[in-house]
Amino acid sequence: MTDGPLTSGERPTDLADVVADTLLLDALGSGGTVPATDRAAWMLAAWRDDLAAGLDELAAQPLPVGTAVVAQPEAEPAGEPTELLPVVALPEPAPGVAPPWHVGADVEPATPHDEAADALVGADPRPGRRSRRVVNWTLGSAAALLVAGTGIVIGAGHATPGSPLWPITRAMYPEQADAADTEHTLALARLAASDGRYDEARRLLKRAETLLGRVDDPSRARRLREEMATVTGMLPQGAAVSTPSATSTPDPAGPADPSPTAPAEAPVPRSTTVPPGPKRPGGPPGPGVPIPIPTVTVTPSPPHVPSPTTQPSPDPDPSVPPVTLPSPPL
Amino acid sequence: MTVPEAELVSRAASSDPVATAALLARLRPGVVRYCRAHLGRVGGAYTTADDVAQEVCLAMLGALPRYRDEGRPFAAFVYRIAANKVADAQRAAMRHLSIAPVDALPDRPDLTPGPEQQAVATDDARRLSMLLGKLSATHREIIVLRVAVGLPAEEVGGVLGMSAAAVRMAQSRALAHLRTLAGDTLDEVPA
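Line by line, the protein sequences give chains A and B.
Position 316 (the first sequence) corresponds to 316 in the numbering used here; numbering is contiguous.
Position 67 (the second sequence) corresponds to 67 in the numbering used here; numbering is contiguous.
Among the clues, some could well be false.
Short derived list, chain B residues pointing at chain A, Cβ under 10 Å [said to hold, decoys possible]:
1) Val3
2) Glu5
3) Val32
4) Ala37
5) Tyr46
6) Ala53
7) Pro73
8) Asp123
9) Arg126
10) Arg140
11) Leu160
12) Met162
13) Thr180
14) Leu181
For lysine to any residue, the following SDA-like pairs were computed, each having C-alpha atoms within a straight-line distance of at most 25 Å [what the hints assert, rightly or not]:
15) Lys134(B) with Gly213(A)
16) Lys134(B) with Asp49(A)
17) Lys134(B) with Arg223(A)
18) Lys134(B) with Ala36(A)
19) Lys134(B) with Arg80(B)
20) Lys134(B) with Ala53(A)
21) Lys134(B) with Ala165(B)
It should be emphasised that the hints constitute simulated quantities derived from the structure, not laboratory data.
From the three backbone atoms N, C-alpha and C, an ideal C-beta is built for every residue, glycine too.
Model the full assembly from the supplied sequences, consistent with the hints where possible.
Below, the structure is given as structure tokens:
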């Protein structure tokens, strides 16, 4: 099973051995199988597989720095970071100029029972543990702080689709990315609304609406919905929150009927000259209004053509659209 | 995953966000395996090693804009950062050992079996991890980079400052040594 006892030098004398070993290591490195007769190779393969255990799940997890920054403020009990402060301060008293790799990794052995507990529950440690470790780094290392700063950018929603780390957010924590994206879009919508660019604001609101549908975290989604309602309230004819806002654009020619149940006349003129209506910050949009139906599309169509909606057109709709009516009411 | 790494690196170094994300996604598994290979399980789990791996990734991202100026192969760039981080973690564990010897964990891979199924599944892995500790530092690093990370000999040479031919010779010696050791452990502790 072994290749025989080699002398202490263990020099491969044969070039063929070198080639064979190279091929073997290439196979091992690329996840291939190895001959069962080679005990060492077999162990190497087992070792390699063990090292990769749970790696897929790990890759799906957010980078801890993101967890720290995004989830920390609300999720972390106040006592935990302070509890670890002295430990962190011990190994790295001067984090200001420390090289990035000088971090408080020696904090880890201080909590062996935690690690054992992690082992019991499997490769996926509880989020709290994880973020506490993250706190250690963040406190102990200037680099971690630096990168955490970048993480704050992501978490705070300043990570626009143009910022350098944005795609990392997208790739590593899509859920947070959706929330941040929604937040960002809402911020843009708010800006547009306060600048009087109402069409753009509506478009952004609609986009935020779609994005919001992917946010699973209930509390975050609720906050975002409230913000969306606020921004919607900034628009003229804010009544449109229960249905997609774009369908009730102020039409200079049409009757400005803010009725939320029948927005079917809904022509969307691409008018930049619409006089901004009075702001209605606390208007009809109630905070409990569910997510509006996101499938309605903004169509810069002529004023007399109603935009297609998924809602069956109610009876009082005066103008029957020629082609674009989706389906007659049931 | 079809974009060549060199192009990804160059785009990421010039702050192309998409390339940065793709590069990170591509490198992260190897970095995790590298740290796990060197740091082993602590208390039966890889969490410590994984944390160090995160530090490596973050440090790599932070240093990326400066990468172009250094003119080294990218694997060398990444795995030298990784080697530094791992060494620091081991030193830190050692330091902790001297401060609190009672509760301290060894900086070597922890060989105590974790949960039962894990122990069974990783028996060979544990044993190999132990054998690696008996290799010279260079041989160990070569094995880790070749097998755990999966780098070709040329890139390992870039990391270690050796020629690819020298890596191939050294890896054969390392393997031969491992085979001897594996035979020994077989004799001592029949599986």
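> Checking against the hints above, which ones are violated?
Replying inline: 1, 2, 7, 10, 11, 12, 15 and 17
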